[in-house]
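The primary structure of each chain is shown beneath.
2 protein chains.
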Amino acid sequence: MLFSCGPSKCDKAVLKKQSNLMVHHRSAAFLELYESLIVQLKQLCDDHEGEVLVLNGSGSSGMEAALLNFLSSGEELLVIDSGRFGSRFALMAKRMDMIPHLYDVKQQGVVDTAMLEQMLSAYPAIKAIAFTYSDTSTGLLMDPKRIGAFARKHQLLSIMDGIGGVIMNPFSMKESQIDVCIMASQKGFWMSPGLCMIALSPTALTRLNPQAPTYVFHFYEMLQKQKQNALLQYTPAVSLYFALHQALCILNSRPITYWNQFYQRQYERLYTIITEANGCIKQAPSLSRSVLLFTTSKSASRLQQRLEQEFQIRIELGLDDQEDRILRIGNMARYSEEELNALAHALKCCLQEENN
Amino acid sequence: MLFSCGPSKCDKAVLKKQSNLMVHHRSAAFLELYESLIVQLKQLCDDHEGEVLVLNGSGSSGMEAALLNFLSSGEELLVIDSGRFGSRFALMAKRMDMIPHLYDVKQQGVVDTAMLEQMLSAYPAIKAIAFTYSDTSTGLLMDPKRIGAFARKHQLLSIMDGIGGVIMNPFSMKESQIDVCIMASQKGFWMSPGLCMIALSPTALTRLNPQAPTYVFHFYEMLQKQKQNALLQYTPAVSLYFALHQALCILNSRPITYWNQFYQRQYERLYTIITEANGCIKQAPSLSRSVLLFTTSKSASRLQQRLEQEFQIRIELGLDDQEDRILRIGNMARYSEEELNALAHALKCCLQEENN
Chain A
1 MLFSCGPSKC DKAVLKKQSN LMVHHRSAAF LELYESLIVQ LKQLCDDHEG
51 EVLVLNGSGS SGMEAALLNF LSSGEELLVI DSGRFGSRFA LMAKRMDMIP
101 HLYDVKQQGV VDTAMLEQML SAYPAIKAIA FTYSDTSTGL LMDPKRIGAF
151 ARKHQLLSIM DGIGGVIMNP FSMKESQIDV CIMASQKGFW MSPGLCMIAL
201 SPTALTRLNP QAPTYVFHFY EMLQKQKQNA LLQYTPAVSL YFALHQALCI
251 LNSRPITYWN QFYQRQYERL YTIITEANGC IKQAPSLSRS VLLFTTSKSA
301 SRLQQRLEQE FQIRIELGLD DQEDRILRIG NMARYSEEEL NALAHALKCC
351 LQEENN
Chain B
357 MLFSCGPSKC DKAVLKKQSN LMVHHRSAAF LELYESLIVQ LKQLCDDHEG
407 EVLVLNGSGS SGMEAALLNF LSSGEELLVI DSGRFGSRFA LMAKRMDMIP
457 HLYDVKQQGV VDTAMLEQML SAYPAIKAIA FTYSDTSTGL LMDPKRIGAF
507 ARKHQLLSIM DGIGGVIMNP FSMKESQIDV CIMASQKGFW MSPGLCMIAL
557 SPTALTRLNP QAPTYVFHFY EMLQKQKQNA LLQYTPAVSL YFALHQALCI
607 LNSRPITYWN QFYQRQYERL YTIITEANGC IKQAPSLSRS VLLFTTSKSA
657 SRLQQRLEQE FQIRIELGLD DQEDRILRIG NMARYSEEEL NALAHALKCC
707 LQEENN
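Protein chains in written order, with the working numbering: chain A, 1 to 356; chain B, 357 to 712.
Isolated chain A (complex conformation) (with noise of 0.2 Å):
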């Protein structure tokens, strides 16, 4: 049973897609799939305006290829590090040559307008805000609105990770105003890794690079294709089309409210499973409701590997220095009973024997 943060359980009939018959690509079964599947991402971030592109390729790819297409090397970029996810923008932007100026929020856990103005005028020649909605290295939560709102007053592009964020916690591109957001198939589609979704706002579509050092990747050579009978720039990763098209088919026979608040139920209900079980809960109002972080007195790593070993649960380690101290569950899957009880069950069983 797969209780961590991504790759998470599947649903069956998404990841029963995965098996479909083959069709190519230039097909016009495909093609109709592309299309409706274009249709219900845009519906899915509420993006009516904009387009959304999916790529071949993991969350990562979709985070370089973002700043790829928006900023050339030698520009600055202003980055939210809210954790190992958010700080990777700035590791990916020293990459190509970009010039990331680091806003630590992880003590704090919100991000201060007044200290992103402070920062501005330290560096007027930053172009745009990189953050991450959702960090589930430390369950931090961004406020897309107030970081949207700012980008906006300043002209700022705004890049958003939505990875393993959007679906489980609200999300509006329209309301935001976030430029652009990237999804991963494995975080909230209940599907396999391996696809990335890139919503793209109507100020996005106006300020890609026609020049990005990329052909794979090209943003702005793709959106043209895309819009001629939806051609593709390569080969479309189509197994996983198929269950991507499936889950947006149930997700969206729903408003995306009726999502928020199953994740807020199950989130609250993993919340009294490992309390019950004396998991200690690191919590605070500004914390993520797709990832639950928590602290036991013995061992994280070995508590992992018991959960496993006995009870064929699988949660998460800590990341970089948390380790061995922290233990994370994902909330990015719809749970069965049974599955929320052994999970019950196999915490008590270890942490209560664990504190004998």
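Just so you know, the hints here were simulated from the structure itself, not pulled from any lab data.
Please note: incorrect hints may appear among the correct ones.
[To be verified] Sample of chain A residues lacking proximity to chain B, with all beta carbon distances greater than 10 Å (derived): (1) Leu21; (2) Gln118; (3) Lys127.
[Said to hold, decoys possible] Covered stretches of chain A (in silico footprint by chain B; criterion: 3 or more residues with CB under 8 Å from a CB of chain B, positions within the stretch not fixed): (4) 81–93; (5) 143–151; (6) 238–247; (7) 252–262; (8) 271–277; (9) 336–349.
The beta-carbon is built from N, C-alpha and C at its ideal position, and this holds for glycine as well.
Could you slot chain B onto chain A? The hints should help.
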């Protein structure tokens, strides 16, 4: 029925694995699968002393990533233009500010070592030679041994797009002395597009740029992580890895010569089917065994449409200016007797009526 050049028909057992229950990519089960994958890929390419990387992404991602990891902007390379796919290397290189020098072999069909020598004299700063083994736009098959030996003699790095070439046509990393061989999951692996595999020779390993301007496709870092207990740079497309593993188990259950011969026989069968239906094959000794190009007396696109609508058979049109003149049938999958008979019947029906 898919008779296309990729995505092509999938093997049932391989396709089924794409719906396997998800596992976490840091679990023991996945690490075991991953290690086996790498060993099996080395065996498939005869690259036991080198290394192999698996990328989430299309074959084109792999081509672009290979250039990015071995060449810097401003550096020169020789690109063999055998058609749409060979010349794509030049397009990518230009995007990344490298300087490609094109050697057009579309007319002659084979690489002339004297011409390579001439180009090297004219452009002595050339550092690498990039080419497509089997260019499915023209059907041309380059000679990796000739190119590999030339590159080695002049201390150039040889980068081969082996997508749709290896497995169907004979290839060994060791014998050919090729340094980089790029493969894609939908060509010869009987599965969905979405994964790209890159074999690196021992020489290639010494030439990797540790400063490559990318986070996601940073080969040097990926190889270091791979050695450290199979850690990965990003979340792998787990479902596709399951399928690739299954395909490799089938492929490696025989020596690679078995598959070369299998595709040679199937090529001859397809050749007969096309000619008996009055298709006119473009055929030369230098042609690849992974694709058959043929012309008919009438519109190619009309024939393609009829085959699809009346017989549910998918074949492909020529690329670029060849679109309405040429048809292409892929030889990258194992067709059943029924499928081959259905193709023969359908082609005869369409082409004989056309001639009346």
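Taking the hints in turn, this is what the structure says about them:
Distance check on leucine 21 (chain A): its Cβ comes as close as 8 Å (rounded) to a Cβ of chain B, failing to clear the 10 Å threshold; non-interface status is violated. The beta carbon of glutamine 118 (chain A) is kept farther than 10 Å from every beta carbon of chain B, the shortest such distance being approximately 28 Å. Distance check on lysine 127 (chain A): its Cβ is at least 18 Å (rounded) from any Cβ of chain B, clearing the 10 Å threshold; non-interface status holds. Chain B is given as covering the stretch 81–93 of chain A, and this holds because 3 residues of the stretch bring a CB closer than 8 Å to a CB of that chain, at least three being needed.
Requiring three or more residues with a Cβ within less than 8 Å of a Cβ of chain B, the coverage given for the stretch 143–151 of chain A is violated, as only 0 such residues are present. With a threshold of 8 Å between beta carbons, the proposed coverage of the stretch 238–247 of chain A by chain B holds, since 3 of its residues qualify and at least three are required. Only residues whose C-beta sits within less than 8 Å of a C-beta in chain B count toward coverage, and the stretch 252–262 of chain A has 0 of them, not enough to reach three; the restraint is violated. Under the rule that three or more residues need a Cβ within less than 8 Å of chain B, the assignment of the stretch 271–277 of chain A is violated, with 0 such residues.
Against chain B, the stretch 336–349 of chain A contributes 0 residues with a C-beta closer than 8 Å to a partner C-beta. That does not satisfy the three-residue criterion, and the hint is violated.
Comparing the model with each earlier hint shows violations of hints 1, 5, 7, 8, 9; every other hint is respected.
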